[in-house]
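Engineer: Could you build the full structure based on these sequences and the hints that come with them?
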Amino acid sequence: DAGVIQSPRHEVTEMGQEVTLRCKPISGHDYLFWYRQTMMRGLELLIYFNNNVPIDDSGMPEDRFSAKMPNASFSTLKIQPSEPRDSAVYFCASKPGQGSRQPQHFGDGTRLSIL
Amino acid sequence: DQQVKQNSPSLSVQEGRISILNCDYTNSMFDYFLWYKKYPAEGPTFLISISSIKDKNEDGRFTVFLNKSAKHLSLHIVPSQPGDSAVYFCAARLSKTSYDKVIFGPGTSLSVIP
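For the record, the sequence lines run as chains A and B.
When we follow the numbering used here, the leftmost residue of the first sequence carries the number 1, and every step to the right adds one.
When we follow the numbering used here, the leftmost residue of the second sequence carries the number 1001, and every step to the right adds one.
These are calculated hints, taken from the structure and not from any lab test.
Keep in mind that the hints are not guaranteed to be accurate.
Said to hold, decoys possible - Just the calculated beta-carbon pair ranges, DEER-fashion:
no.	chain 1	residue 1	chain 2	residue 2	range
1	A	Met40	B	Leu1094	22 to 28 Å
2	B	Ser1109	A	Val12	22 to 28 Å
3	B	Pro1079	A	Met39	29 to 35 Å
4	B	Lys1056	A	Met15	35 to 41 Å
5	A	Gly3	B	Ser1010	25 to 31 Å
For each residue, glycine too, the CB sits at the ideal point set by N, CA and C.
Structural biologist: As structure tokens, then:
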């Protein structure tokens, strides 16, 4: 079975450019999470969705960050304009809705470098 | 303000010996705890979990211990194998929430030396 699929795996761009990260969750999973991993802050939750609806975006660092989930099989995380401090590994994860103790399944991440 | 702490950024253990990874938390409302394992260039994968009503959960070579009074949990790996070399994240879930928001610790990098 396919796991969580993220694209691109690597992204290098210049500051000021728009960056779009993509995620395809596991089919049938009702929850989708976006995380950011940095050396300083570890793995931090940015936003999560339940049935395509954003539930908690309190972790989104600032207005330059936005996330959408237009349907159950696709989500994007956008940074506009990007800054060097946004450089990190961004993970997407999904989990089934039923059974609150189901663990999250993570994609392999997008390594973002803003020059 | 980190609610889940892993104070050891790294740990080295000889193959065959026990690895003990520690995790401390501050929020008494956490009711469920998980350990994830992460290899380089891959996403974290779920390893083992424990409910706050238990003090131990075992799965093969992996055992998680929970001390609620001390707000402390630990992951024991016995015996340690080179393939266990990875970053281990401790995570905790807030109780009585309508969703599954978990808070991750910063991780501990384990190296098992052959």
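Engineer: Does 22 to 28 Å hold as the CB distance between methionine 40 of chain A and leucine 1094 of chain B, or does it fail?
Structural biologist: For methionine 40 of chain A and leucine 1094 of chain B the Cβ distance comes to about 23 Å; the hint holds.
Engineer: Against the range 25 to 31 Å, how does the distance between the Cβ atoms of glycine 3 of chain A and serine 1010 of chain B compare: consistent or not?
Structural biologist: 28 Å, holds
Engineer: Quick check on a hinted range of 29 to 35 Å for proline 1079 of chain B and methionine 39 of chain A, using CB atoms only.
Structural biologist: 30 Å, holds
Engineer: Does the beta carbon distance between serine 1109 of chain B and valine 12 of chain A stay inside 22 to 28 Å, or does it fall outside?
Structural biologist: 25 Å, holds
Engineer: Go ahead and decide if the range 35 to 41 Å is satisfied by the Cβ distance of lysine 1056 of chain B to methionine 15 of chain A.
Structural biologist: For methionine 15 of chain A against lysine 1056 of chain B, whose Cβ atoms are near 49 Å apart, the range 35 to 41 Å is violated.
Violated hints amount to a single one, hint 4; each of the other numbered hints is respected by the structure.
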